[in-house]
Amino acid sequence: CSVCKSKHTVRNGVRQGKQLYMCKECHSQFRAGNTVSEDELWRSYQQEKQTIAELSSRFGISLATVKRRLHYIKCEWVQPPLSGGGFVHLDVTYWGRGFDVLLALDSATGLPL
Numbered sequence: 082c083s084v085c086k087s088k089h090t091v092r093n094g095v096r097q098g099k100q101l102y103m104c105k106e107c108h109s110q111f112r113a114g115n116t117v118s119e120d121e122l123w124r125s126y127q128q129e130k131q132t133i134a135e136l137s138s139r140f141g142i143s144l145a146t147v148k149r150r151l152h153y154i155k156c157e158w159v160q161p162p163l164s165g166g167g168f169v170h171l172d173v174t175y176w177g178r179g180f181d182v183l184l185a186l187d188s189a190t191g192l193p194l
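Numbering (our numbering), first residue to last: 82 to 194.
There may be inaccurate statements among the hints.
Computed list of lysine-lysine pairs in DSS-like fashion (alpha-carbon distance at most 27 Å, straight line) [as the list claims (entries may be wrong)]:
1. Lys-86 <-> Lys-99
2. Lys-86 <-> Lys-148
3. Lys-148 <-> Lys-130
4. Lys-86 <-> Lys-105
5. Lys-105 <-> Lys-88
6. Lys-99 <-> Lys-130
7. Lys-88 <-> Lys-99
Keep in mind the hints are simulated off the structure, nothing from the lab. Only a predicted model underlies this, so the values are computations on that prediction, with no experimental measurement involved.
Please take these sequences and the hints and turn them into a complete structure.
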């Protein structure tokens, strides 16, 4: 199960020609198939500099799914506490129109701000 990671699943019908499964632990319903981890998706996007279209074709998921999953990953990031005074190193990367990432590092600890 992609929700609770349980191995106790049963077949639960067919929808649009695709086999559905149900988890006996959390009762969530899902399709078997290509599931990409959020870590792998984010690493491919951030470090390998792949576009959303490239990620879509690589992992066999729709553009909307790639965008939604990247948005959820972005929303889960938590800023670590600041150390006080000191210097900050800034770097910005632009990915297309209207989307960029600004990275700020605390020079004392090397941690992102």
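message: Hint by hint, where does the structure go against what was stated? Just the numbers, ascending.
response: The structure breaks only hint 6.
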